[in-house]
Amino acid sequence: MRELGSFITQVNSKPEGHIGYCGVEAMEVENTLQEDFSDLKLEDSFIVWKEGGRIIAALGVDWDSEERTGELWGPFNLSSEEKWQLHADILWRLLQHKVNQEGTWYGFYNELNHQAKNWFSVLGGQKKSSEVILHAKPGKVSSRSIGKTEEYSDRYQDEFKRMHQAVFPNTYYSADEILSRKNSKNRLFVSAENNHLLGYVYVEGNPDFKEGSIEFIAVDEQARGKGVGAALLERASAYLFECVDAQEISICVSADNEAAIHLYKKVGFTEKHRLSFYKLQTN
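Per the numbering used here, residue 39 is the first one in the sequence shown, and the count goes up by one each step.
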């Protein structure tokens, strides 16, 4: 487990080998593999290739058996250029055999990870979108907004569900799932006026690794351009930095959403990665 975590972070720390689903800290990756990875056993979710007693390539999948979907971790591959494709193809066939379920596979590759993008495209994967990952450090996010925000309460439930469905119709967490995930570390903040929901932001904090993520942020069309988004971002960032003690916050947004990217940069976020999101259906 430790060797695999170390290998993944070694490859993933470089843009040309970066996979968007995975971290770059060995302990964090190892913890995810042990506690929060796949509905299948780890030995059925990861295949490694070793030569000379060390891992040179690996491919895994965070598989959801109920949805029959999987997020590919890899290929992580330090093979020579002429063997990269061969090793990736063999690992893929072995992984499919281990999972033994047809379904939908997702790839999330750095724009500079040309080998993995080409490999997944040759398999039949279709590029669905381009995404931008932005990060912020403590002290870098402004706190100048005058917009009002508050903790979510059930009086906004119906409006929240409608807004989330409208803005994120086919996303990874439904409104009900967000509400079920709320706890002392995962928080939902809203902006409202006269009991009318103007926008919301949902964040997840990980104090063990001093990090946080802004998972969803949305603003009602009629309220855009009035500082609501900035106020929500500042409230979310303040919570993660001050209450979770996060040393870094990340947010993922469509590369086509130039207005949102401009807003994030305006309040203090900086661009770190551009990634391509792929989808492959097997049957």
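Keep in mind the hints are simulated off the structure, nothing from the lab.
Among the clues, some could well be false.
To be verified - Keeping only pairs whose Cα atoms sit at most 27 Å apart, straight-line, the calculated DSSO-like set for lysine-lysine is:
hint: 1; residue 1: K155; residue 2: K165
hint: 2; residue 1: K121; residue 2: K303
hint: 3; residue 1: K165; residue 2: K175
hint: 4; residue 1: K186; residue 2: K303
hint: 5; residue 1: K178; residue 2: K303
hint: 6; residue 1: K178; residue 2: K317
hint: 7; residue 1: K165; residue 2: K303
hint: 8; residue 1: K178; residue 2: K310
hint: 9; residue 1: K186; residue 2: K166
hint: 10; residue 1: K52; residue 2: K186
hint: 11; residue 1: K166; residue 2: K264
inquiry  = Holds or violated: K178 and K317, Cα atoms, limit 27 Å.
reply    = Status violated; Cα separation ~35 Å.
ask   = Straight-line Cα separation of K186 and K166 no greater than 27 Å?
value = 36 Å, violated
query = Under the criterion that the straight-line Cα-Cα distance not exceed 27 Å, is the pair K121, K303 satisfied?
reply = 41 Å, violated
query = Would the pair K166 and K264 pass a check requiring their Cα atoms to be no farther apart than 27 Å?
reply = Violated - the C-alpha atoms of K264 and K166 are around 31 Å apart, more than 27 Å.
request  = Measure nothing beyond the straight line between the CA atoms of K52 and K186; if it is 27 Å or shorter, mark the hint as holding.
outcome  = Violated. K52 to K186 sits at ~40 Å, over the 27 Å cutoff.
ask   = When you check the alpha-carbon spacing of K165 and K303, does it fall within 27 Å?
value = Within the cut-off at roughly 26 Å; holds.
ask   = Going straight from one Cα to the other, do K165 and K175 come out at no more than 27 Å?
value = With a Cα-Cα distance of about 31 Å, the restraint between K165 and K175 is violated, given a limit of 27 Å.
ask   = Within a Cα-Cα threshold of 27 Å, do K178 and K303 meet the stated pairing?
value = It holds: about 10 Å lies between the C-alpha atoms, which stays within 27 Å.
ask   = Are the Cα positions of K155 and K165 separated by 27 Å at most?
value = 9 Å, holds
key: Restraint check for K186 with K303, where alpha carbons must lie at most 27 Å apart   = It holds: about 21 Å lies between the C-alpha atoms, which stays within 27 Å.
query = Holds or violated: are the alpha carbons of K178 and K310 at most 27 Å from each other?
reply = Holds. K178 to K310 sits at ~15 Å (cutoff 27 Å).
In summary, the structure is inconsistent with hints 2, 3, 6, 9, 10, 11 from the numbered list given earlier, while agreeing with the others.
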